[in-house]
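Undergrad: One letter stands for each residue in the lines below.
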Amino acid sequence: MFSNCTAIFCWPLSKKSADMEICRHQDQIEISELDPFLAELLRQIPASTNPDGSPTAEDRLFSSPVGQGGGDLGAEWKLYVKPELRRLFRSATETVSADLEQLNGKEKPFANRTLRIPTEHADAWLNALNQARLVIAAKYGFTESELCDHYRSPIGSRRDLSLFQINFYGFLQEFILRELGWSVDPGD
Amino acid sequence: MAQTDPALSILSQAGDISTVTTPTIEKETQGEEELDLPWQVVVHNDPVNLMTYVSMVFQRVFGYPREKAERHMLEVHHKGRSILWSGMRERAELYVQQLHGYLLLATLEKVG
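Protein sequences appear in the order of chains A and B.
No gaps in the numbering here: position 113 of the first sequence is 112 in numbering that gives the first Met the number 0, and each next residue is one more.
No gaps in the numbering here: position 39 of the second sequence is 38 in numbering that gives the first Met the number 0, and each next residue is one more.
One-sided and incomplete, this derived list gives chain A residues near chain B with beta-carbon spacing under 7 Å:
1) S62
2) G66
3) L72
4) V80
5) L87
6) R132
7) A136
8) G169
9) L176
Which chain A residues stay away from chain B? Per the calculated CB distances, all over 12 Å, these:
10) P35
11) A97
12) I154
13) L160
Keep in mind that the hints were calculated from the coordinates and are not lab data.
As the structure is a prediction and not an experimental result, all values here were calculated from the model.
Just so it is clear, CB atoms sit at the ideal spot from N, CA and C, and this is done for glycine as well.
Chain A on its own, in the form it takes in the complex (with noise of 0.2 Å):
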């Protein structure tokens, strides 16, 4: 069965209209017509979500528990707490890698390729997918008005390619938010 939902992610400012296709089987979330450029974007959640050589993308994804008073916390979130929170967003990077094999099959180099997330994995997506937004934003310190700025365009630069990759990573979110029935009232 298919749901009745499906979203069309288009380039910034381009005259194309379909990229590529986003939609909804019962048990799966289908991307298909990915060009090689976007299928390689995909490809890079995975290393995105490693914050190391940057101190402040680290800060961000293991930010400090302990606000106004907050006594001892620190030191026992960073003995217990700090490990679990490492393995679970490995595990949902492990996750979203296993998913990603399928865009390493042996079509011809530049042919459109698709991808099926199986929902039970749509958790894992979610969680990957904002460690990689939250460390790329994190890493070249984007300001709240660029990651407003979602008609940025062209990309002329590895700034301007990582301001494009969190946009589109974050379509994907909101994709797989809307499919889980999490999205909100647009009146608000």
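Given chain A, put chain B in place with the hints provided.
TA: Chain B only, in chain A's frame:
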């Protein structure tokens, strides 16, 4: 005919009610931790996390209905922070841990 209160009946068997002495209150020896003053779970604004995602997390972690979750999400968005829950420290810590699992900026704060 009025019935006798069973509790009074038991007390009267044990002795005259008027002879019950006021209990002596021992000096409090509990520390601040044991008294378990109220703690609050605070979520802070983050320009990267999607509004839909944050609303979903509030519904999942706290079991809040969608309207309440969205109200808190919008409070975070507009005011920079929102108090999601107040209560005993142990549970507050668990909530903060869950929120960090979803990569939200959440802190534990003492009330007052």
